[in-house]
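Trainee: If you want this note's numbering, it's the 1-based position in the sequence shown plus 19.
Honestly, the hints are just simulated from the structure, not real lab data.
Bear in mind that the values here come from a model prediction, so they are computed numbers and not experimental data.
Among the clues, some could well be false.
[Stated by the list, open to error] Computed list of lysine-lysine pairs in BS3-like fashion (alpha-carbon distance at most 27 Å, straight line):
hint: 1; residue 1: K312; residue 2: K323
hint: 2; residue 1: K232; residue 2: K247
hint: 3; residue 1: K333; residue 2: K421
hint: 4; residue 1: K238; residue 2: K348
hint: 5; residue 1: K247; residue 2: K171
hint: 6; residue 1: K125; residue 2: K189
hint: 7; residue 1: K348; residue 2: K247
hint: 8; residue 1: K366; residue 2: K312
hint: 9; residue 1: K215; residue 2: K141
hint: 10; residue 1: K144; residue 2: K158
hint: 11; residue 1: K158; residue 2: K333
hint: 12; residue 1: K217; residue 2: K141
hint: 13; residue 1: K189; residue 2: K158
hint: 14; residue 1: K604; residue 2: K539
hint: 15; residue 1: K131; residue 2: K247
hint: 16; residue 1: K189; residue 2: K412
hint: 17; residue 1: K412; residue 2: K604
hint: 18; residue 1: K247; residue 2: K333
hint: 19; residue 1: K511; residue 2: K145
hint: 20; residue 1: K217; residue 2: K359
hint: 21; residue 1: K232; residue 2: K171
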Amino acid sequence: MEKKKFDLNSVIGFALIFGIILWMMYNNSESELKEQQEKAKQEKIDKANKKKEVATKEVLSAVTDTTVSDTVKLQKLAGALGSFAYSATLPSAKESFTTIENNLVKLTIANKGGYISEAILKDYKKFEKNSGQLVELIKNNNANFNLELQTKDNRVLNTKDLFFEPTVTKNGEDQILSMKLKAGPNEFLEYKYVLKAKDYMLDFDVRSQGLSKVLNTSKNADLQWDLKTYRNEKSISYENRYAELYYENDGKVDYAGLGKQEDETLEKATFIAYKQHFFSSILLSQTPIENVKVSSTDLVNDAKIDTVFTKQFKTTLPLAFKNGELDYKMNWYIGPTDYKILNTYDKNIEDIVPLGWGVFGWINKLIFIPLFGFLSTFMGLGIAIIIFTIIIKIAMSPITFKSFLSQAKMKVLRPEIMELGEKFAKDPMKKQQETMKLYNKAGVNPMAGCIPALIQLPFMYASFQFFPSAIELRQKGFLWADDLSSFDQVAKLPFNIPLYGDHVSLFPILAAIAIFFYMKMTSGDQVMAQPAQEGMPDMAKIMKIMIYVSPVMMLIFFNSYGSGLSLYNFISNLITIGIMLVIKKYFINSDKIHAQIQENKTKPKTESKFQKKMREMMEQAEEQKKLNKKK
């Protein structure tokens, strides 16, 4: 029996491991201690800032107190606001508002804070029937726009609590509103709004003058922009699905996700967009801003209870001082989420309209938007959808014809393929080889029926992106649908069905019926055309199930979707059924196809590269199989 020896290496190894563990525990404890100290320090700073903020508000409220002498007022203001106490002594230091407007928007800017307190879109109304209430993106303090400044003596000042002095001028048709927060006659922070005629886009500048002696310019001024978005559409759940926070980060447009709470930090942001399905508030900066923090919170937990707001958007933009001053050229878009309007600005903001990625987006941008826009200029939107669908389906009819022709050829060949299946039932590889030879002799490509269907898929997916984004459909009626951008309710249910809802929409029912008959008419041919393969699922059973599953899915998921999309699907399937019947009756003759196939068999055939490759792979597999048997 071998004696156990003293292993020095093992002892050293265990000692090292033990030492590493002790070192990690020590570092963790040190790290936790530092974290606790930093947390306590930050809490102390926050508490002090809060006290300063409360004190500032108390002092500002004292300005309007007639019982306090002017000398005392100035002393209090100087103690709380430092040099900015000057702004509180001006006549503008009161709750007052300035309005600028054109024929599209009306904007109200408050003296206190200098930001937009009300934004009304004149060409758009809320969802209530006959209410006449215009869409208001900003009202009743649902928005916050604040610049957090730090003074040299460590005061933290928030512009939302301070009074700006308004000055309105005109340059031709342009309205110019200068809001100045003054630290003296020639020292100020300025928000400059320029509203052009017939435009939703504002020029918006943030700049300072002479404040380098007052402010701590070594630290950024944090621009905080928050918006609690109001509901504007009939279905709050449908509207909320398309309410998203978009941004351009380092040249790439993206969004903050669709979760309950989404937070992100952007390296170099050039615009932030608060998108509310059909309306948007977009803040753009000509200078990329680093380390921007954005947040999106879903406010709709229960569509029956949460009926006022959809999302809470928040952004913090650190504005850097240059040579001791702020100087940012910005723009502010407040208007409809209309691809055609957004595209005119050449600032990439049209990418907030979700038209799909890659080829789907190109189909929408190059085909769907121009075509539908042209049709909608001289006809009703419902009729435009029908004509639009007819044009698309006719344009796709050659592809549909090829797909049906391929199915017919495969159906004619099925008896011969079945014979090969019986003949080589015990040799699947040989059966595959002989089947490929038959396809080659007959001049039939088994993939020819799949390729046309695949070509049509991008157009189908593009339509699912296009119609929910088409603002042209908003509040435009057709037949029983009073709003093609929302569901076409024909009956209200006294209860709620999970996934389906508490109402009945008619266009999804019609679309489901059309899908059922279309699949009923085509599934038999598809199953007959495709011979059963060993080891593959039973296509007959799958197709039989899909005949009933597809219409049910249409009923469930489209019941709360925009009726314009359901109308498109109904007409699309109806036209496809018609085209299929015409092709079968006038263009496809099984006897002629059979005769053509038999004639093709007598002609010499050259293998395509694909067929040659497939044959070689099968032959190699067959040889490998024989070698395995010999072993």
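Trainee: Against this structure, judge whether each hint is valid.
Mentor: Quick rundown of the hints versus the structure:
Restraint check: the Cα-Cα separation between K312 and K323 comes to about 32 Å, which exceeds 27 Å; the hinted pair is violated. A distance of roughly 36 Å separates the Cα atoms of K232 and K247; the hinted pair therefore is violated under the 27 Å criterion. Only pairs whose Cα atoms come within 27 Å are accepted, and K333 paired with K421 is rejected, the gap being roughly 53 Å. Only pairs whose Cα atoms come within 27 Å are accepted, and K238 paired with K348 is accepted, the gap being roughly 20 Å.
Straight-line distance between C-alpha atoms of K247 and K171 comes to about 34 Å, which puts the hinted pair past the 27 Å bound. As the CA atoms of K125 and K189 are separated by approximately 16 Å, the hinted pair is consistent with the 27 Å bound. Distance hint between K348 and K247 is fulfilled; the C-alpha atoms sit about 25 Å from each other, no more than 27 Å. Between the alpha carbons of K366 and K312 the distance comes to roughly 21 Å, so the proposed pair stays at or under 27 Å and holds.
Of the supplied pair hints, the one linking K215 and K141 holds, its CA atoms being roughly 15 Å apart against a limit of 27 Å. Our distance criterion of 27 Å between C-alpha atoms is met by K144 and K158, whose separation comes to about 15 Å. Note on K158 and K333: the hinted pairing holds, with a Cα-Cα distance of about 17 Å set against a maximum of 27 Å. Taking the CA atoms of K217 and K141, the gap is about 11 Å. The hint holds against a cut of 27 Å.
Restraint check for K189 and K158: satisfied, since their Cα atoms lie roughly 26 Å apart, inside the 27 Å limit. Restraint check: the Cα-Cα separation between K604 and K539 comes to about 17 Å, which is no more than 27 Å; the hinted pair holds. For the given pair, K131 sits about 20 Å from K247 by alpha-carbon distance, which is consistent with the 27 Å threshold. Between K189 and K412 the alpha-carbon distance is near 53 Å, which puts this suggested pair outside the 27 Å criterion.
Annotation: proposed proximity of K412 to K604 holds, straight-line Cα distance about 19 Å (limit 27 Å). Among the hinted pairs, K247 with K333 is consistent with the structure: their alpha-carbon atoms are about 9 Å apart, no more than 27 Å. Taking the CA atoms of K511 and K145, the gap is near 21 Å; set against the 27 Å cutoff, the hint holds. Pair hint K217 plus K359 holds up; C-alpha atoms about 15 Å apart against a cutoff of 27 Å.
Distance check on the hinted pair: K232 and K171 sit about 8 Å apart at the alpha-carbon level, within 27 Å; holds.
Consistency note: the structure conflicts with the earlier hints numbered 1, 2, 3, 5 and 16.
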